[in-house]
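**Q** Please build the complete structure, drawing on both the sequences and the hints.
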Amino acid sequence: MSEQPSSTPPSATDVQNQLVSIQGRQYDPGLLAGLGIWYLIFFLMMFSGQALFDTIGLFALIIETLALLALDRPGLLSMRGLVNREQLSGGQRILLNIGEVVFFFFMTGAYLVRTIMEYQRIMSAQPPKTPGEQPGVKK
3 MSEQPSSTPP SATDVQNQLV SIQGRQYDPG LLAGLGIWYL IFFLMMFSGQ ALFDTIGLFA
63 LIIETLALLA LDRPGLLSMR GLVNREQLSG GQRILLNIGE VVFFFFMTGA YLVRTIMEYQ
123 RIMSAQPPKT PGEQPGVKK
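What the sequence shown shows, in the working numbering, is residues 3 to 141, in sequence order.
Errors might be hidden in some of the hints.
Stated by the list, open to error - Here are the computed distance ranges between Cβ atoms for each label pair:
1. GLY38 to VAL103: 18 to 26 angstroms
2. GLN94 to ASP30: 30 to 38 angstroms
3. PHE55 to VAL104: 26 to 34 angstroms
Don't read these hints as lab results, they were simulated from the structure.
Just so it is clear, the structure is predicted and the values come from calculations on it, not from any experiment.
Beta carbons: idealized from backbone N, C-alpha and C, even for Gly.
**A** See below:
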């Protein structure tokens, strides 16, 4: 016997959550906020004009970029879907790779901004839950 497919289509929130999990890593909101604040502080330090702060800012951003590469390499390299490498020619891919190495701090910033925007979009799409409501229990 074969099972019949469910007659109810998946909700928009379920589809969005599945797409997010396919496109890139999902982050805890606290970690995402920490990464964003870390990036902003050390990006500003990197362009402060003082050698010590410039160096600290540069090394801190390198560490953050390496950590993000370890967590979500495809998401970071595509800047969370901003760049589709399959549509680029060989020469364009080479130029993109060189640009990502030279301007890695902008790539990391674009990734974080797009990740935060995606998180906000998903949170605003979920219906608010009433207090005392248990999932899966119908009255």
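**Q** Hints first: check each against the structure and report whether it holds.
**A** Evaluation of the provided hints:
1. GLY38 to VAL103: 18 to 26 angstroms: holds (23 angstroms)
2. GLN94 to ASP30: 30 to 38 angstroms: The hinted range 30 to 38 angstroms holds for GLN94 and ASP30, with Cβ atoms some 35 angstroms apart.
3. PHE55 to VAL104: 26 to 34 angstroms: Violated, at about 21 angstroms.
Figure legend: structure checked against the earlier numbered hints; the only hint not met is number 3.
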